[in-house]
Amino acid sequence: MRIRTHPIIDFKKRKELPFYFQKKRIAGEEGDTIASALHAAGVRTLTTSLKYESPRGFFCGIGKCSSCLMRVNGVPNVRTCIAPLKEGILVEMQEKLAELPDAEFFGEPKKTIDVDVLIVGAGPAGLCAAIESATQGASVLIVDENQCVGGQLIKQTHKFFGSKQERAGVRGIDIAKELENDLRRLECEGNIQVMIDATVIGCYESDKKYRFGVVERREYKSRLYDVRCDAVILACGAMENMLLFPGNDLPGVYGAGAVQTLMNVYGVKPGERVLMIGAGNVGLIVSYQLLQAGIAVDRVVEAAPIIGGYNVHAAKLRRCGVPIQTSHSIKEVCGEKKVEGAVVLRLDENWKPIKDSEEYIKCDTICLAVGLTPSTRLLSQIGVDLKFISEAGGYVALHDNSMQTSVKGVYVAGDASGIEEASTAMIEGKIAGLASAILLGRSKNKKLLSQYREELVQLRAGPFGEKPRIAKEKIAKLAEAHHA
Amino acid sequence: MREYEKTGILSLKELKVPLKKHLEKGVAILECVQEIPCNPCVDSCPVHAISMKDINAPPMNDFEKCIGCTKCVGVCPGLAIFVVKVKDDKAWITLPYEFITVPKVGDVIQALDRTGTVRSKATVKKVVKHGKTMVITIEVERSLAMDIRNIKV
Numbered sequence: 001m002r003i004r005t006h007p008i009i010d011f012k013k014r015k016e017l018p019f020y021f022q023k024k025r026i027a028g029e030e031g032d033t034i035a036s037a038l039h040a041a042g043v044r045t046l047t048t049s050l051k052y053e054s055p056r057g058f059f060c061g062i063g064k065c066s067s068c069l070m071r072v073n074g075v076p077n078v079r080t081c082i083a084p085l086k087e088g089i090l091v092e093m094q095e096k097l098a099e100l101p102d103a104e105f106f107g108e109p110k111k112t113i114d115v116d117v118l119i120v121g122a123g124p125a126g127l128c129a130a131i132e133s134a135t136q137g138a139s140v141l142i143v144d145e146n147q148c149v150g151g152q153l154i155k156q157t158h159k160f161f162g163s164k165q166e167r168a169g170v171r172g173i174d175i176a177k178e179l180e181n182d183l184r185r186l187e188c189e190g191n192i193q194v195m196i197d198a199t200v201i202g203c204y205e206s207d208k209k210y211r212f213g214v215v216e217r218r219e220y221k222s223r224l225y226d227v228r229c230d231a232v233i234l235a236c237g238a239m240e241n242m243l244l245f246p247g248n249d250l251p252g253v254y255g256a257g258a259v260q261t262l263m264n265v266y267g268v269k270p271g272e273r274v275l276m277i278g279a280g281n282v283g284l285i286v287s288y289q290l291l292q293a294g295i296a297v298d299r300v301v302e303a304a305p306i307i308g309g310y311n312v313h314a315a316k317l318r319r320c321g322v323p324i325q326t327s328h329s330i331k332e333v334c335g336e337k338k339v340e341g342a343v344v345l346r347l348d349e350n351w352k353p354i355k356d357s358e359e360y361i362k363c364d365t366i367c368l369a370v371g372l373t374p375s376t377r378l379l380s381q382i383g384v385d386l387k388f389i390s391e392a393g394g395y396v397a398l399h400d401n402s403m404q405t406s407v408k409g410v411y412v413a414g415d416a417s418g419i420e421e422a423s424t425a426m427i428e429g430k431i432a433g434l435a436s437a438i439l440l441g442r443s444k445n446k447k448l449l450s451q452y453r454e455e456l457v458q459l460r461a462g463p464f465g466e467k468p469r470i471a472k473e474k475i476a477k478l479a480e481a482h483h484a
Numbered sequence: 001m002r003e004y005e006k007t008g009i010l011s012l013k014e015l016k017v018p019l020k021k022h023l024e025k026g027v028a029i030l031e032c033v034q035e036i037p038c039n040p041c042v043d044s045c046p047v048h049a050i051s052m053k054d055i056n057a058p059p060m061n062d063f064e065k066c067i068g069c070t071k072c073v074g075v076c077p078g079l080a081i082f083v084v085k086v087k088d089d090k091a092w093i094t095l096p097y098e099f100i101t102v103p104k105v106g107d108v109i110q111a112l113d114r115t116g117t118v119r120s121k122a123t124v125k126k127v128v129k130h131g132k133t134m135v136i137t138i139e140v141e142r143s144l145a146m147d148i149r150n151i152k153v
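Residue numbers (our numbering), protein chains in the order written: chain Y, 1 to 484; chain X, 1 to 153.
Derived contacts from chain Y toward chain X, CB cut-off under 10 Å, selection only: (1) Ile9; (2) Thr157; (3) Ser163; (4) Lys164; (5) Gly169; (6) Asp174; (7) Val300; (8) Pro305; (9) Val312; (10) Arg319; (11) Cys320; (12) Glu421; (13) Ser423; (14) Phe464.
By construction, these hints were calculated from the structure, which means they are not laboratory data. A virtual CB, placed ideally from N, CA and C, is assigned to each residue, including glycine.
Using the sequences plus the hints, can you model the full thing?
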């Protein structure tokens, strides 16, 4: 199940790490998460559903859902898709609702950190926000749940579109490295503190500054930080959407992004033959990357009558012989304990199934690339105004053109502020970073702010920018109405 | 609705097809017809043959100016640029390639069209590395000059 040769990524042989799964000794590799190591060893079932006891595998692969929760060294509910593999750990499938253990969670007293700006999420938006804010003279703490910074850039092996300013023509994985270099330089200079493998758990009562609880995980033990800041930028990203059909919880039905993480970050094959649901850019790009990793793609099905993603991405797949079927959808997944196949069918002009159009497909993996939903729970807890805007992908925080929400000093950027591309997320991050520095009196560079806003307008000007453009217009209008 | 929006496959009527004299000197065919925000091909062109009204406009190649240097082939993030040059009864096609098995000069491989159908054999004439993208030139029959767009090793 390991990918050893790849045209874009250099998968070096890594040190073997033995560990225990259900008391049986198996081995993963250094750099694995628990779930990627299990997957590489052929273990796809990580948990069972609470109601029906049916087997479950992971779904989002980036720590946003609950389908990979396992007990590790006695600690229940560990998100194994982002928890790092360590030598000798005991990994177990837990009973339906895990027992609360006696283990000591906060072994040390909490520590206080005082900064100007807290940034939640170190993806393209968060990294750009941190770099911009710190460059303008603000002191910054950036927190991310994963083992490394870069967010979803670390699995984007394709070259990015956009203009030179947004690093067009550079692969996402290389943009992540460039941004990390800038971040680490500012860290060395003392302007930024970076905390990975840590979660911002909530906003707490405070008389003057904002106050957040941050839990840093170390070797499955946690340390609590009391973070005080004058501004906060929430760049928490998004979560992949699920689609309703019988069998959608069988191990082997994954979010397309989860599959991309598994193969491009950890070098583990998700399966041998994949059915892709959704012909937007994510579905098309991940399908091509599956081929590059040596995995067969049976076809791409798309419920809409036209391909939603760029034609250049569709054309790449077609010339490799992968069919794209528009006005087609998945009816059900076949298989008892794992995916063994699927039934697809044709839809009429009203998106209703056409009788006798069913076709059985043999495959072991199904990828869902059916859109994303912004991650807004922390924003909701802070109490900013959220509205449901379908073009933005769901509930989003109302914000002005400086990315400031209805609560002063609380900013939002990237997918968390409405689903869009990494290129626009980076500019939104720069805007939020700069605007927060201006608010705190660390910068006066309003000219640069206008320049960034103009870049955003440019990128959204085409037909593919229509949806985010409408979303942002609605957000601006509602924010203005609220302000008045 | 345009057919390619349903199939993903461009037909020649959507593309600017070069004249015989242009094909004989060798020119870049930009198989990028939608308005998407992207412009690295413009910057890559040493003779300023590729232009764009704004970042969302589809790129245009001035076949009079284009020298068929193939620089844009390895640059295009959409892997959508091909250089075609014809001589006598043969066509040389330069295309981007990002798969594990890289062919060597002289290898005889399969040539595929826009639908992924194997249409003929091809001889590898040039292999150039552009970052992680391989820029590969193959030789096929002249009649397939505007059809062959992929290889299988």
